[in-house]
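Those protein sequences? They're chains A and B, same order as listed. Residues in the first sequence are numbered from 1 upward in steps of one, following this note's numbering. Residues in the second sequence are numbered from 1 upward in steps of one, following this note's numbering.
Careful: at least some of the hints might be erroneous.
What the hints assert, rightly or not - Interface residues of chain A toward chain B, partial, derived using beta-carbon atoms under 7 Å: (1) Gly28; (2) His29; (3) Met39; (4) Phe65; (5) Phe74; (6) Phe91; (7) Tyr96; (8) Gly101; (9) Gly107.
What the hints assert, rightly or not - Label pairs and their calculated CB-CB ranges: (10) Ser87(A) <-> Gly9(B): 20 to 26 Å; (11) Gly42(A) <-> Pro114(B): 27 to 33 Å; (12) Tyr39(B) <-> Asp63(A): 46 to 52 Å; (13) Lys52(B) <-> Gly59(A): 24 to 30 Å; (14) Arg41(A) <-> Leu95(B): 22 to 28 Å; (15) Gln45(B) <-> Pro70(A): 24 to 30 Å; (16) Pro81(A) <-> Gly9(B): 31 to 37 Å; (17) Glu44(A) <-> Gly29(B): 21 to 27 Å; (18) Ser66(A) <-> Ser83(B): 17 to 23 Å; (19) Arg41(A) <-> Ser111(B): 18 to 24 Å; (20) Glu14(A) <-> Val82(B): 19 to 25 Å; (21) His10(A) <-> Lys68(B): 40 to 46 Å; (22) Pro81(A) <-> Lys52(B): 24 to 30 Å; (23) Glu14(A) <-> Asp55(B): 49 to 55 Å.
What the hints assert, rightly or not - Calculated Cβ distances over 10 Å to all of chain B for the following chain A residues: (24) Ala2; (25) Glu11; (26) Val12; (27) Thr13; (28) Leu45; (29) Asn50; (30) Asn52; (31) Asp57; (32) Ala72; (33) Gln80; (34) Ala88; (35) Ala93.
Hints in this document: simulated from the structure, not taken from any laboratory. All values derive from a computational prediction rather than experimental measurement. The beta carbon of each residue, even a glycine, is placed where N, CA and C say it ideally should be.
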Amino acid sequence: DAGVIQSPRHEVTEMGQEVTLRCKPISGHDYLFWYRQTMMRGLELLIYFNNNVPIDDSGMPEDRFSAKMPNASFSTLKIQPSEPRDSAVYFCASRYRANYGYTFGSGTRLTVV
Amino acid sequence: GDSVTQMEGPVTLSEEAFLTINCTYTATGYPSLFWYVQYPGEGLQLLLKATKADDKGSNKGFEATYRKETTSFHLEKGSVQVSDSAVYFCALSDLESSASKIIFGSGTRLSIRP
Chain A
1 DAGVIQSPRH
11 EVTEMGQEVT
21 LRCKPISGHD
31 YLFWYRQTMM
41 RGLELLIYFN
51 NNVPIDDSGM
61 PEDRFSAKMP
71 NASFSTLKIQ
81 PSEPRDSAVY
91 FCASRYRANY
101 GYTFGSGTRL
111 TVV
Chain B
1 GDSVTQMEGP
11 VTLSEEAFLT
21 INCTYTATGY
31 PSLFWYVQYP
41 GEGLQLLLKA
51 TKADDKGSNK
61 GFEATYRKET
71 TSFHLEKGSV
81 QVSDSAVYFC
91 ALSDLESSAS
101 KIIFGSGTRL
111 SIRP
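Bound-form chain B, shown alone (with noise of 0.2 Å):
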């Protein structure tokens, strides 16, 4: 079935650093692929999407980019702050064989020091 890996965290950086929290996927059709954050205390929030092949999905300064070749959907933030200390899922919505359901990562938990 479909399924997401997200790399291990915790994750901890300095402020300013370069993040990059690696996503890869396996799907049985063409999924639609998301990232979500969680602040502490919170519900997750849609962070970025992208449903095609090399498509580019950006918000608050996160990108990441559909590789098809690769089955990856990797984050990354160019200067890190504080304020980006949080959860962040990667997922995939699969028409095909997974209905409407958007299958999660584990999440990877992000530290960043002042």
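Pulled out of the complex, with its shape left as it was, chain A reads as follows (with noise of 0.2 Å):
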């Protein structure tokens, strides 16, 4: 098992660009979440999925974000246009089930310049 797989490990863009991160759960895992990590703030729950549909998506900050998850193996969160306070670590995590523990991938560092 290859664990969840995100990608890219890092990220610089110029304010103001798009940006796409990408990630790909644990096969079989029927939970996808979106958080972010800032020394500041902590972690944050961006968004989460339960079978490719959206769930609660309350924690995203405000309309330049979105993520979708066309199918069972493939999720991605956009951010346009991004800002220099969009950088952080943002983490993607699957779940089995409702009651289990989440596996999460290695994050995507974003610095927006």
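Put the complex together from the two separate chains, hints included.
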């Protein structure tokens, strides 16, 4: 099992550009979560999906952020336009059933200059 | 709503010292409890978990016991190593109130001196 796979590992972009982060969950996991981690705010849940359907997006900061899960093996988090305050590490995690622990990916470190 | 409170760091110990990281929780229902560890440059990894009162989770020499009467889940290790230096997160999952989300504490940074 390759675990949760995120790409890219690092992304540096200029303010105003579109950024797309990608995640491949563990096969068979039916929940997928996107988190953001910063020193100031710690871990923040942005959005999560169950069986590819968005369940709770109340953590998405604003309309510049969007997430999709077109199938069980792929999800994207898009920021358009990006701003310096979006700089953070973005984690994807997947989960098998509601009462199990998460498996996290290695994260994407985003720097917006 | 549900919440997790853990001791603030950083915590600095010498190698072979005894470790305790305190964690208390507030939950509407009957949550499952977790400890996650994050090593530098990596994602969080599940360290141990407990799903009911008096359960003891253990892994890699770490232990934590689910105490319903004190709503606590303190992490302990008898003899820490330099390789245990990381950030530790206490967390809960409460199907009644939080659906499928895991609620994380703010994390405790642990540094072990050789």
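Task: Separation of Gln80(A) from chain B, once the least beta-carbon distance is taken, above 10 Å - done: 25 Å, holds
- [ ] Report holds or violated for the interface hint on Gly107(A), using the least CB-CB distance to chain B and a cut-off of 7 Å.
- [x] 5 Å, holds
Open item on the list: Gly101(A) was flagged as interface toward chain B. Is the shortest Cβ-Cβ separation under 7 Å?
Closed with: 4 Å, holds
Task: Separation of Leu45(A) from chain B, once the least beta-carbon distance is taken, above 10 Å - done: 6 Å, violated
Task: Closest C-beta approach of Phe74(A) to chain B relative to 7 Å, hint status - done: 18 Å, violated
Task: Status of the stated non-contact between Thr13(A) and chain B (beta carbon gap over 10 Å) - done: Holds, since 20 Å exceeds 10 Å.
Task: Range hint compliance [Cβ, Tyr39(B) to Asp63(A), 46 to 52 Å] - done: 35 Å, violated
Task: Beta-carbon spacing of Ser66(A) to Ser83(B) - inside the hinted bounds 17 to 23 Å or not - done: Given range 17 to 23 Å: violated, Cβ gap about 40 Å.
Task: Verdict on Asn50(A) as a residue remote from chain B, using beta-carbon distances over 10 Å - done: The claim breaks: Asn50(A) does not keep its Cβ more than 10 Å from every Cβ of chain B (closest is about 7 Å).
- [ ] With respect to the beta-carbon atoms only, verify the hint that His10(A) and Lys68(B) lie 40 to 46 Å apart.
- [x] This hint holds: roughly 43 Å between Cβ atoms.
Task: Range agreement (Cβ of Gly9(B) with Cβ of Ser87(A), hint 20 to 26 Å) - done: Since Ser87(A) and Gly9(B) have Cβ atoms about 23 Å apart, the given range 20 to 26 Å holds.
Open item on the list: Confirm or reject: Asp57(A) is not an interface residue toward chain B, with every Cβ-Cβ distance exceeding 10 Å.
Closed with: 12 Å, holds
Violation of the numbered hints given earlier is confined to hints 1, 2, 3, 4, 5, 7, 12, 18, 20, 22, 28, 29 and 35; the remaining hints are satisfied by the structure.
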